[in-house]
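Fit chains B, C and D to the supplied structure of chain A, relying on the hints for placement.
Residue numbers (this note's numbering), protein chains in the order written: chain A, 1 to 113; chain B, 1 to 113; chain C, 1 to 113; chain D, 1 to 113.
The hints are simulated quantities; they were obtained by calculation from the structure and are not laboratory data. None of these values were measured; they are calculated from a predicted model. Here a beta-carbon is modelled for each residue, glycine too, at the ideal position from N, C-alpha and C. The hints are all genuine.
The calculated label-pair distances, taken between Cβ atoms and stated as ranges, are:
no., chain 1, residue 1, chain 2, residue 2, range
1, D, S79, C, L61, 25 to 35 Å
2, D, V19, B, R12, 43 to 53 Å
3, C, V19, B, E84, 54 to 64 Å
There are 4 protein chains.
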Amino acid sequence: MNQIGLVGRLVREIELKEVGEDKVVLNNTLAVAKRGKKENGSQADFIPIVAWGQVAKLMQLYCEKGHMVGLTGRIQSRSYVNKEEETVFIVEMVVDEVHFLQNKKIEAAAVSK
Amino acid sequence: MNQIGLVGRLVREIELKEVGEDKVVLNNTLAVAKRGKKENGSQADFIPIVAWGQVAKLMQLYCEKGHMVGLTGRIQSRSYVNKEEETVFIVEMVVDEVHFLQNKKIEAAAVSK
Amino acid sequence: MNQIGLVGRLVREIELKEVGEDKVVLNNTLAVAKRGKKENGSQADFIPIVAWGQVAKLMQLYCEKGHMVGLTGRIQSRSYVNKEEETVFIVEMVVDEVHFLQNKKIEAAAVSK
Amino acid sequence: MNQIGLVGRLVREIELKEVGEDKVVLNNTLAVAKRGKKENGSQADFIPIVAWGQVAKLMQLYCEKGHMVGLTGRIQSRSYVNKEEETVFIVEMVVDEVHFLQNKKIEAAAVSK
Numbered sequence: 001m002n003q004i005g006l007v008g009r010l011v012r013e014i015e016l017k018e019v020g021e022d023k024v025v026l027n028n029t030l031a032v033a034k035r036g037k038k039e040n041g042s043q044a045d046f047i048p049i050v051a052w053g054q055v056a057k058l059m060q061l062y063c064e065k066g067h068m069v070g071l072t073g074r075i076q077s078r079s080y081v082n083k084e085e086e087t088v089f090i091v092e093m094v095v096d097e098v099h100f101l102q103n104k105k106i107e108a109a110a111v112s113k
Numbered sequence: 001m002n003q004i005g006l007v008g009r010l011v012r013e014i015e016l017k018e019v020g021e022d023k024v025v026l027n028n029t030l031a032v033a034k035r036g037k038k039e040n041g042s043q044a045d046f047i048p049i050v051a052w053g054q055v056a057k058l059m060q061l062y063c064e065k066g067h068m069v070g071l072t073g074r075i076q077s078r079s080y081v082n083k084e085e086e087t088v089f090i091v092e093m094v095v096d097e098v099h100f101l102q103n104k105k106i107e108a109a110a111v112s113k
Numbered sequence: 001m002n003q004i005g006l007v008g009r010l011v012r013e014i015e016l017k018e019v020g021e022d023k024v025v026l027n028n029t030l031a032v033a034k035r036g037k038k039e040n041g042s043q044a045d046f047i048p049i050v051a052w053g054q055v056a057k058l059m060q061l062y063c064e065k066g067h068m069v070g071l072t073g074r075i076q077s078r079s080y081v082n083k084e085e086e087t088v089f090i091v092e093m094v095v096d097e098v099h100f101l102q103n104k105k106i107e108a109a110a111v112s113k
Numbered sequence: 001m002n003q004i005g006l007v008g009r010l011v012r013e014i015e016l017k018e019v020g021e022d023k024v025v026l027n028n029t030l031a032v033a034k035r036g037k038k039e040n041g042s043q044a045d046f047i048p049i050v051a052w053g054q055v056a057k058l059m060q061l062y063c064e065k066g067h068m069v070g071l072t073g074r075i076q077s078r079s080y081v082n083k084e085e086e087t088v089f090i091v092e093m094v095v096d097e098v099h100f101l102q103n104k105k106i107e108a109a110a111v112s113k
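Same shape as in the complex, but just chain A (with noise of 0.2 Å):
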C-alpha cells in the first residue's frame, strides 16, 4: 500500500523527454507549504516528481512554473550511477493524477479581455 497526495507549486519550466518508443516523461520539483508556522528554515518542503505519457502531456499543457496544483499518486525509490560513478539514491513521488488548481489558458483569457 502506497498512496501520496500533495497541494503545491511547480518550481520548474515544465519540460517533456521522448524516452525510446514514444515515451514520454516528465521531471519537475513540487514545494509544499509546511504545516504551522515556522520560525527559522524553509517554508516548504521539495518533492520531487515524475509524471509519464498521458499524464505528463495534460501537464505540459495545463501547467506553468510556479502554478499551483494537486498531485496523487505512490513514492517510489530509485539509484543511478553519476558521472563522477557514484550511486544517487533517489526518493521521488510518480503522479497518477493531477488536479489544476490554477490554468494557463483561463490566465492567458483573462489577460486577453
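Below, chains B, C and D alone, put in the same frame as chain A:
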C-alpha cells in the same frame, strides 16, 4: 496539503536516538512492495522514515526489524553537509501514526506457550 | 489505518455550533469534482464533513460558502435516531487539517481596493 | 482531488454480482479500528466499499469475511430510491487497489500440511 500512507516492512533494527532536551528520534527504512509484477529490478521501494517522541517510543516497544506496519504522515525534504563536505538532499516520510499489523509481544507470547 | 484527502468546495454557509463545555463543531458538505468526464449524472461527489475545536474556528475565520479548500483527515461512521424514530447511518469525513486554497480576507482586501 | 486509504477487516461474505454486459461489482463493508482508546461506543468505523471488474474478481479470489486488507481509492456519494419510495443517500469508498494482508490460499495451504 501533504499526506502519505504506506504499508511495508521495517528494514533495520529499531533504534532510538536522544537529541537534546528529552527529545527522541527514530530513523528507519520501510520496504514497500511495488504494484503489479516486475520482471526485473527491485520488487520494493525503500522509503526513509523518521518518527519523533511518543510515536518513536511506541514503535520501539512494538516493532522489530522485518515487521509489517502501516504508517501515515507527510513527506519532507531536508539537506545536510556530510563528512566529505558535500550537501546531501534527503526526501523522507515523517510518521504521524503507526498501525501495528504484527506484534512483537503477541509473537513472544505465542512462542512461550 | 484511516486516511482521506479531498480538494473541493464548501457547499453551505459556515456555521459553528457549541456542544457542551466549550466545545465547538462545524458540519458542512464538500463538493469534490469527479474524475474524468461524466456524460450524465452528477459532476461532483458530495461528502459530509465535520471539524472540531481549533480546526472549526479556523474554517469559520477563513472560509465562505463556495470556497475551495484542501482537507485531510479520516473517515468515520456513526448512527443516530431521527424524529421519525428511524436509525440513520452516516459516513462522514473528520477534518484534521485545512488548507485554504482561497481566502476570504484576501478577497475582501481585493474588493476594497 | 479525492484519495482514501484504509486498513481493516471485511465484515461480510465476499459476493460478486453481475450487472449488465459482463460487468461485475462487489459490495462489502470494511471495519476500521478507531484511533486511540475508546472508553465507550464502537471500537471501529464501518465504511461501505464497492469494487468493480478485475479488482472485485481479485478480492473474491483472495479474501474471505474477516480478512484484513489494505484498500486505496476514492470516496463517492450517490442516492437511490428504496422500496418505501424514500431517497437514500450513500457515501462509500470505490476501491482502486487491494493489498492482501492475509491470504485465503496461504491459509488453506497451511491447513493442508
